[in-house]
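Q: The lines below spell out each chain.
There are 2 protein chains.
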Amino acid sequence: MNKTTQLLRSHRSIRKFKDKPVSDELINEIVLCAQAAATSSNIQATTIIRVRDQEKRERLAEAAGGQTYVTTAGAFLVFCADLNRSKLACQMQDGEFSEGMTEHFIIATADVALAAQNAVIAAESLGLGICYIGGLRNKPQEVADLLALPDQVYPVFGLCIGYADQDPEVKPRLPLATVLKEDSYLNPEDISGIETYDETLREYYQLRTGGKKDSCWSEEMKALVGKESRPHMREFLAKRGFLMK
Amino acid sequence: MNKTTQLLRSHRSIRKFKDKPVSDELINEIVLCAQAAATSSNIQATTIIRVRDQEKRERLAEAAGGQTYVTTAGAFLVFCADLNRSKLACQMQDGEFSEGMTEHFIIATADVALAAQNAVIAAESLGLGICYIGGLRNKPQEVADLLALPDQVYPVFGLCIGYADQDPEVKPRLPLATVLKEDSYLNPEDISGIETYDETLREYYQLRTGGKKDSCWSEEMKALVGKESRPHMREFLAKRGFLMK
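Protein chains in written order, with the numbering used here: chain A, 1 to 245; chain B, 1 to 245.
To be clear, the hints were calculated from the coordinates, so they are not data collected in a lab. A couple of the hints might just be wrong.
Heads up, the list lumps identical chains together, so a pair's fine if it works in one copy or across two of them.
[Said to hold, decoys possible] Here are the simulated lysine-lysine pairs, BS3-like style, with alpha carbons at most 27 Å apart:
| no. | residue 1 | residue 2 |
| --- | --- | --- |
| 1 | K245 | K181 |
| 2 | K213 | K56 |
| 3 | K222 | K245 |
| 4 | K213 | K239 |
| 5 | K20 | K227 |
| 6 | K171 | K239 |
| 7 | K239 | K227 |
| 8 | K171 | K213 |
| 9 | K171 | K245 |
Since we're looking at a predicted model, the values are computed, not measured.
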């Protein structure tokens with residue numbers, strides 16, 4: 001382990017922040033790091049909107065299901081997958097933009113995530129805490145309206161960045177052997193790793209909450225993938241010009 | 001700038017590797033870092049397949065359009081978006097898996113990219129070079145067959161990791177002001193940032209190739225989004241149980 005891998009392995013989400021803004025200088029440094037991430041065919045499909053307007057932040061917090069730290073973090077960034085820019089570039093060369101390709105959606109979404117994770121590592125290395133806000137996809141149309149996003153742009157997630165006012169523990173992960181395989185997937189029905197992790201996670205929750213939280217991974221997954229999640233996303237994305245073919 | 005942000009900002013893809021394997025110890029450390037990335041609702045949708053079998057690597061290199069470094073890198077990992085595992089977990093709790101949700105596809109794809117970028121930063125901090133291989137999506141069905149991927153799992157990209165045998169320059173990015181906006185998107189038709197970057201990139205290519213490569217960003221984008229990209233992806237994903245609704 002070196003200092004960087006130590007930093008990577010000590011990540012935890014921060015949801016309580018000190019009342020202290022993050023300077024423009026730090027945000028610029030963080031965004032330059034985000035831009036430095038690998039990008040598919042150099043498409044650079046990430047656009048970041050820093051939301052300073054407090055009323056907008058309150059409405060975003062509400063859209064995200066009442067996550068108040070969206071308003072209290074030192075900075076709040078919305079990471080958007082942006083094909084509008086490459087469309088403009090294509091048109092500058094008299095090209096005709098090929099709208100709605102699934103492949104372009106994958107490229108753009110992955111691009112944003114790579115850039116965001118670089119932003120996160122940069123922020124954490126600078127002594128800041130972060131929390132991703134996937135909850136923006138609860139009401140993506142509202143978010144798009146609020147930020148005046150054009151077609152071919154969608155908000156993938158938000159990112160709270162700020163000075164931590166809490167010190168949560170690192171959450172345990174699935175066993176390494178469950179996620180790292182060799183040469184082929186093998187035994188797609190094997191649940192032994194899940195069973196092990198269920199125990200680990202249940203113990204972690206019980207210790208952390210003095211016995212109050214009694215849950216495990218398979219229960220969490222039932223709640224997440226055992227129901228329709230954000231069923232509006234498909235139509236929302238199609239309206240914005242994504243995932244049409 | 002600190003050492004980590006310096007590392008982040010000095011990324012460049014490596015496509016020529018020394019003939020030296022990456023040890024299991026390093027790969028494990030890199031994968032533990034990947035696992036430590038934030039994950040949406042703790043879904044941990046990333047499965048990594050390390051391909052050691054040289055014949056498989058040759059076939060993957062071919063699928064990726066003849067990218068020989070897939071076979072010569074010290075290690076080659078395939079990053080898969082995996083909902084099979086959360087489906088199993090859901091079923092362990094007598095839940096019924098909700099198949100094909102667009103939202104789950106976004107979660108899984110973003111999850112993989114966050115984990116992969118952590119792996120990349122870990123690898124680079126350990127003195128290794130990397131190259132993402134999106135080209136696996138040229139022939140995703142072949143890749144899935146070769147690695148025996150079950151339904152609800154798709155290969156997002158590959159990752160070459162190894163000891164660099166070249167020292168390429170860092171590629172310039174779009175102007176900061178073009179990708180970082182405040183409070184709203186504003187001027188979605190503004191091409192000034194693209195024009196500036198076109199010049200920067202053209203100069204960069206000309207200097208680097210002694211005048212041989214004469215291209216710019218808008219030309220690259222025309223080639224990328226001015227045509228149908230990997231039009232098989234939608235059907236491939238639907239067949240695997242993704243993006244059905």
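Q: Hints first: check each against the structure and report whether it holds.
A: Quick rundown of the hints versus the structure:
no.	hint	in the structure
1	K245 / K181	neither (32 Å within a copy, 30 Å between copies)
2	K213 / K56	neither (34 Å within a copy, 45 Å between copies)
3	K222 / K245	between (30 Å within a copy, 19 Å between copies)
4	K213 / K239	neither (40 Å within a copy, 38 Å between copies)
5	K20 / K227	neither (39 Å within a copy, 47 Å between copies)
6	K171 / K239	neither (37 Å within a copy, 34 Å between copies)
7	K239 / K227	both (24 Å within a copy, 20 Å between copies)
8	K171 / K213	within (14 Å within a copy, 48 Å between copies)
9	K171 / K245	neither (38 Å within a copy, 32 Å between copies)
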